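Undergrad: So the chains spell out like this:
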Amino acid sequence: MVDRRHFIKKSAGSLAALGGLVLLQRSGLAAAIGTEELTTLDALPGKEALIKQTYRPPNYETPINYFDAPFTPNKRFFVRYHNAVIPEVKIDEWRLRIGGDAVRTPLELSLEQLRKDFKQVEIAALCLCSGNRRGLFQPPVPGVQWGSGAMGNALWRGVRLKDVLAGAGIDKSALEVSLDGADSGVHKTTPDFVKSLPLAKALDENTLIAFEMNGEPLPHWNGYPARLIIPGWTATYWIKHLIAINVLSKPFDGFWMKTAYRIPKDRFPSGQFSSQETEAAMPITEIVVNSLITNLADGQTLPNAKSIEINGIAWDGGNGIARVDVSTNGGSNWHQATLKQDYGRFSWRQWHWVFEPKHPGTYRIMARATSHSGTSQPLEPIPNPSGYHHNAVQKITIQLV
Amino acid sequence: MRTLLLLLSFFAATATAGESQIFLKDRPGKNQVVAQCAMCHSLDYIILHTPILDRTGWEKTVAKMINSMGASINDADKQIIIDYLAQNYGK
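From first to last, the protein sequence lines are chains A and B.
Taking the numbering used here, the leading residue of the first sequence gets 1002, the next gets one more, and so forth.
Taking the numbering used here, the leading residue of the second sequence gets 1177, the next gets one more, and so forth.
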């Protein structure tokens, strides 16, 4: 048996190593089992400690106190894989191949060519796992039981996918563009993680093949040497260790498009991906409006003070955040928060509000974001079989003593 | 545990030290589970689903591993595995 004391000590050690306040969000799972010990902090090679969900393939989320900043440090950026064979790419051998039945001249590019032959651009964008907060759904649904940390905001530098595709020439029969990374399943029989985009999204000027993140080469676990960036869409399309791009005249029919990452059509706005829709379901695409309090944790006790700073972030799929409202009494009254610097419509937006409590006590803090399209967060998450798009207004309780 | 250690050394490239700290309950059926379910991913995937899957849920999950994820598990082992999971890691 695992030595429990050793385990706890180890976790406490890595907790201390994180320095400062660590907000370990009680996931629905931890609550259900009635234990906090399930939270294991662990550092992957080259990374700093993150909250471990699964070891192999590595699924690790960021403790939310690291979100109290405009950009998420690379070493604390979340890691998500479906399949466990993850080769360390050797840059001299790495090639990006552009092909498919709807391409004119197939291409093969080295990283050097990718960097030099196309115009470089940089964009601030939120990378958000479709299943972020899955662990908060009640009743729970199978899948990695993410808390709020399967996301991060970064500055991505790379070249436009549309420029690279223009280099190869797109046939007029083109319908979708499929994307494959170097990772694969342990068994040949396991579906490789391949995704596709509708042609319009592949040609969007914001869709990039990125090789840098926050001014540094992509970390191995975040897709070295190059990954897709699809600002405004969930991270399932942001293929890492990119090796193949195929322009296709027919809908791509792999498992991760046809069966996984799908949502019922009747509950969410249009998906902009008609070639992959069936009567009842469509692929998850655009990020929904959402927000998170980043400097306070549920159940936290604080000394009473004249003023208490409440910080957070808010985001959506690219309309931009119009306002954030904060309540300190469980939603009876709302106050408009101040939005901080705008890094562009695909970046998250920091906000803050100063709470002036009249007396010590228990306070129910809530935050609700509204986008420029006028959409705001629901009070309850919208149920769906795979637990995607959890964007319910967050409610936390703090004690002032 | 022998099988798991063997598997882990086989997948040394991706297995981290932490994975060797995962131990499933020592009950009948464990050997089959370790042999069949640690090939493609670590066994924390199983523990993570304890509060979520009941017997029917585990039946569906094992069927998904076979039908969608490409696991090849014979019917006898499949039944032993489902019983073990439902009894030891069931909701």
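Calculated directly from the structure, the hints in this document are not laboratory data.
Don't take each hint at face value.
Label-pair ranges, simulated between beta-carbon atoms [to be verified]:
1) D1230(B) to E1217(A): 30 to 36 Å
2) P1107(A) to T1226(B): 36 to 42 Å
3) P1379(A) to K1236(B): 37 to 43 Å
4) D1202(B) to S1333(A): 42 to 48 Å
5) P1265(A) to D1230(B): 47 to 53 Å
6) Q1400(A) to T1226(B): 27 to 33 Å
7) G1255(A) to A1239(B): 34 to 40 Å
8) S1244(B) to T1363(A): 55 to 61 Å
9) D1202(B) to S1174(A): 45 to 51 Å
10) A1239(B) to K1307(A): 33 to 39 Å
11) A1239(B) to S1333(A): 43 to 49 Å
12) K1307(A) to F1199(B): 25 to 31 Å
Computed from a prediction, not measured in an experiment: that's the story for all the values here.
From the three backbone atoms N, C-alpha and C, an ideal C-beta is built for every residue, glycine too.
Undergrad: Okay, which hints does this one fail, numbers in order?
TA: 1, 2, 3, 4, 5, 7, 8, 9, 10, 12
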